Amino acid sequence: MTMPPVNNLLPDAPFIPLAPEVRAAYRNLYNKIQAALDNTMDLAVTQALNPWWKEVDQVLTKDDLYKLAKDTTAFDALRKQIDYTNTGLKTLKDQIASIASHFAMASDIIAAIDAVLALVPGA
Amino acid sequence: MNCVDEMTSQSRGQDCRNRRQGFKTKRSICLDKPLARVSHNIMLSKLHRGAWLSRQPLRIVAMALLPALSLFTTGCLSPLVKHTIGLSAAIAPVVDQSAAAYRDAVALDNLRADYEAVIAYENKDASYNPRNTTVLLSQKDIQVRLAVLAALQVYSKSLIEIAKAADSKELDEASKSVGSSLSSLGNDLAPSLEKVLGIAAGSTTETTVTTVSASTGATTSSTTHTAAPLLSPEVRNGIATGVEALGKFLVNRTVEKELPEKIEEMDPHVQALCKVLGDDIQTIQGLEMRDYDRILNLEKQFILEDEQPGMNVNPQEHRAEIMKLPEIARQQREADEKLSSLREAIDKLALTHHALAAEAQHNNPETLKDKLAGLADEGNSLGKFYSSLPAN
Chain L
0 MTMPPVNNLL PDAPFIPLAP EVRAAYRNLY NKIQAALDNT MDLAVTQALN
50 PWWKEVDQVL TKDDLYKLAK DTTAFDALRK QIDYTNTGLK TLKDQIASIA
100 SHFAMASDII AAIDAVLALV PGA
Chain D
0 MNCVDEMTSQ SRGQDCRNRR QGFKTKRSIC LDKPLARVSH NIMLSKLHRG
50 AWLSRQPLRI VAMALLPALS LFTTGCLSPL VKHTIGLSAA IAPVVDQSAA
100 AYRDAVALDN LRADYEAVIA YENKDASYNP RNTTVLLSQK DIQVRLAVLA
150 ALQVYSKSLI EIAKAADSKE LDEASKSVGS SLSSLGNDLA PSLEKVLGIA
200 AGSTTETTVT TVSASTGATT SSTTHTAAPL LSPEVRNGIA TGVEALGKFL
250 VNRTVEKELP EKIEEMDPHV QALCKVLGDD IQTIQGLEMR DYDRILNLEK
300 QFILEDEQPG MNVNPQEHRA EIMKLPEIAR QQREADEKLS SLREAIDKLA
350 LTHHALAAEA QHNNPETLKD KLAGLADEGN SLGKFYSSLP AN
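If you read the sequences in order, they're chains L and D. Numbering follows numbering that gives the first Met the number 0, with no gaps: position 41 of the first sequence is 40. Numbering follows numbering that gives the first Met the number 0, with no gaps: position 55 of the second sequence is 54.
None of these hints come from the bench; they were simulated from the model. What you are looking at is a predicted structure, and each value in this text was computed from that prediction instead of being measured. Ideal placement from N, C-alpha and C gives every residue a C-beta, glycine not left out. Some clues are possibly wrong.
Just the calculated beta-carbon pair ranges, DEER-fashion [what the hints assert, rightly or not]:
#, chain 1, residue 1, chain 2, residue 2, range
1, D, V250, L, D37, 45 to 55 angstroms
2, L, D37, D, P314, 16 to 26 angstroms
3, D, N313, L, P19, 49 to 59 angstroms
4, L, P19, D, S180, 36 to 46 angstroms
Just chain L, with the same shape it has in the complex (with noise of 0.2 angstroms):
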């Protein structure tokens, strides 16, 4: 059986799994996306929030399974997952900044992407 690996990421990867304020933090980002999608009739917001919706459900999904297998695979692709979300939630915020004017939910979003970042600043 592979042994669960330690967490010996660099000092500003997250503890894994999710510490709970790390995954509250993700899970808020998922509330404030969702909640801009729903109440939106702007098709550059939906472009824009789309596919970062999906990269943040997968962040908390791939969370869930280490915390069940709790072995390299699942640590590993939850590591990649958290890097490749964060890095993409830095592109995302500046292009909310450039079309906040199109929907009020534009600063809570930014303010939830800032939440994460300040916790898990990623690659």
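Go by the hints and put chain D onto chain L.
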């Protein structure tokens, strides 16, 4: 590149319209059909529920509980018999409900995969390959789960018959049949549960097998994608042991005087099986909710894309697309409520069996009257849940 980007010049705008009109045609295949399938599936589900209700309406559930209540008041049956009657009444609807829930979850997950295909093509995602699309639960995966639930149902009926010392030949044969089939499924349940967990997390293991022909020396390789083992060895063993114990009980049966001891022996296995089935449904529930969110989000995006200048979407078709949104949201609420109720029902089954085991030990301080009333409430709440479902 998306359509909005492309429509910055007239000529490129025309290209975009042409592509979108082509896409629209494709979409009517990709989206309308699956949504029709969802509606059809819901209809099937309703028909299924309708058929179940016509076969076993609420009054029959009540009738199943009535003897327990009336006999309790007259004191004609032993406490053990009364508990087993309550257990059986609680299990029957769970089996039917589970079958519908599993099939709905598969249909929904397939629909999300269809939506993801549209997005992949719209984004020109070259990594998209329809052959890599996974299926949440195969027919076999569903059958394994239903077999375990059905075994629990036959087990509870057997307890009643044995406790009443009125064992019938038919039930004895049914028990042996179900018990024998379980032995071959014991090793299938854990991998099947892991498959759902793996899909929920989007994780698979890639295995490449390379073979060298002895005669020609030519090499061929094939790659398969399978879900990695997710459950701990202890949980996997617990599931296999539980299924095996249930199968053995049904095959060997027992006699009345041995029943209390056997019920006690079976209790940890029943608890373990109810736990994994409940957790499995919880995973499927989370997956379903995210599938619905994603479908709603993408459907909305497609509608907004169709509203862009130059798209020339048929107004009737456009309205039909919009009207799908509230229907999807309604289905999401219904599915969430259904799976929550199912999970609660399985949790209650575990508790009911545990109470039965405690009764067998004669060490439950709770009064018999209170316990029996609790069982009656459990059966009634399931009955009420069924009657709350739309009949057509």
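Structure-based check of each hint:
1. Between D/V250 and L/D37 the C-beta distance comes to about 53 angstroms, which sits within the given range of 45 to 55 angstroms.
2. Here the CB-CB span from L/D37 to D/P314 is close to 25 angstroms, well matched to the stated 16 to 26 angstroms.
3. For the hinted restraint 49 to 59 angstroms between D/N313 and L/P19, the CB-CB distance of approximately 50 angstroms keeps it satisfied.
4. For L/P19 and D/S180, the hinted distance range of 36 to 46 angstroms is satisfied, since their beta carbons lie about 44 angstroms from each other.
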